[in-house]
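Protein chains: 2
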Amino acid sequence: MQICANELKTIMKNVLAKHSELKSREGFSLETCRSMIALMDTDGTGKLNLQEFKHLWKKIKQWQLIFKRYDKDNTSSISSFEMRNAVHDAGFHLNKQLYDILAMRYADEHLNIDFDSYICCFVRLEGMFRAFNAFDQDGDGIIKLNVLEWLQLTMYS
Amino acid sequence: MQICANELKTIMKNVLAKHSELKSREGFSLETCRSMIALMDTDGTGKLNLQEFKHLWKKIKQWQLIFKRYDKDNTSSISSFEMRNAVHDAGFHLNKQLYDILAMRYADEHLNIDFDSYICCFVRLEGMFRAFNAFDQDGDGIIKLNVLEWLQLTMYS
Chain A
-1 MQICANELKT
9 IMKNVLAKHS
19 ELKSREGFSL
29 ETCRSMIALM
39 DTDGTGKLNL
49 QEFKHLWKKI
59 KQWQLIFKRY
69 DKDNTSSISS
79 FEMRNAVHDA
89 GFHLNKQLYD
99 ILAMRYADEH
109 LNIDFDSYIC
119 CFVRLEGMFR
129 AFNAFDQDGD
139 GIIKLNVLEW
149 LQLTMYS
Chain B
-1 MQICANELKT
9 IMKNVLAKHS
19 ELKSREGFSL
29 ETCRSMIALM
39 DTDGTGKLNL
49 QEFKHLWKKI
59 KQWQLIFKRY
69 DKDNTSSISS
79 FEMRNAVHDA
89 GFHLNKQLYD
99 ILAMRYADEH
109 LNIDFDSYIC
119 CFVRLEGMFR
129 AFNAFDQDGD
139 GIIKLNVLEW
149 LQLTMYS
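Line by line, the protein sequences give chains A and B. Numbering follows this note's numbering, in which position 21 of the first sequence is assigned residue number 19; successive positions increment by one, without gaps. Numbering follows this note's numbering, in which position 32 of the second sequence is assigned residue number 30; successive positions increment by one, without gaps.
Just chain A, with the same shape it has in the complex:
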């Protein structure tokens, strides 16, 4: 079994419909599904196998628990301020500038972040941390890239 982005979108919509605690009436956007595949596609097929899908689902359930913690009024969105705590709770350690960047990129005009944008942001963050660590083979906290390496790491996310 290999799942492409459009199939993942349909599967996610059906699975989410059965999990009323998961905040997503509409499911996920195609773009979020494409990022999910890029994050989990460890064998470079551009699709997910069953094992990769299971890993993804586990991640989403973890992140959904954090989302629920901050979406106290059940509006299916959290504020940019709550997003900072959520990002921190998920184990990502960022600086103020990065929190501002995430708010600018993923929040709406009222500075709220809906569940789809929230998951899209977390999928990207996880992918970018993973790409950095994979490239930092000597573990000195610095990576050196030429332009093609840079594009290979950033365009599949």
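Rather than coming from a laboratory, the hints here were simulated on the basis of the structure. Bear in mind the structure is a predicted one, so any value in this text is a computation, not a measurement. Keep in mind that a hint or two might mislead.
Note that identical chains are pooled: a pair holds if it fits in a single copy or bridges any two copies.
Straight-line Cα separation of at most 27 Å, DSSO-like style, residue types lysine-lysine; simulated pairs [said to hold, decoys possible]: (1) K45 <-> K94; (2) K45 <-> K59; (3) K142 <-> K57; (4) K142 <-> K94.
Once you have looked at the hints, place chain B on chain A.
Below, chain B without anything else, positioned relative to chain A:
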């Protein structure tokens, strides 16, 4: 005037409706609009001013002319193979691995790329080339990044 992503989506839909030669009945997705803002937002407001919007519109018209060249059957989508030529025509010089990555990331299960995905891909490519060049201040073709710099460059795209 400052345009946020949701407003940009509405504006683009209205503008595209008046330009029948532009291949997008649905307009652009919110995700593509967010990437457009990230690309053109040179003053770091997270929104576009009129000048930035004009620059963006000029880019889209250029890229649309290239799209039209390959969408000969007027289906509003081009094949992954045609995408390689389109990327090349737009002045991006990539290797085979990168062409494969773009197809994996932006094409549907039939290996076709619709206009929204095409523009989203070009916006990202342009943004990533620009970020690399801005960081490569000594012009030696290599950038060195720590993890926070890496995230600052990649998460706002």
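Each hint tested on the structure:
no., hint, result
1, K45 <-> K94, "between (35 Å within a copy, 19 Å between copies)"
2, K45 <-> K59, "within (20 Å within a copy, 32 Å between copies)"
3, K142 <-> K57, "neither (29 Å within a copy, 30 Å between copies)"
4, K142 <-> K94, "both (24 Å within a copy, 22 Å between copies)"
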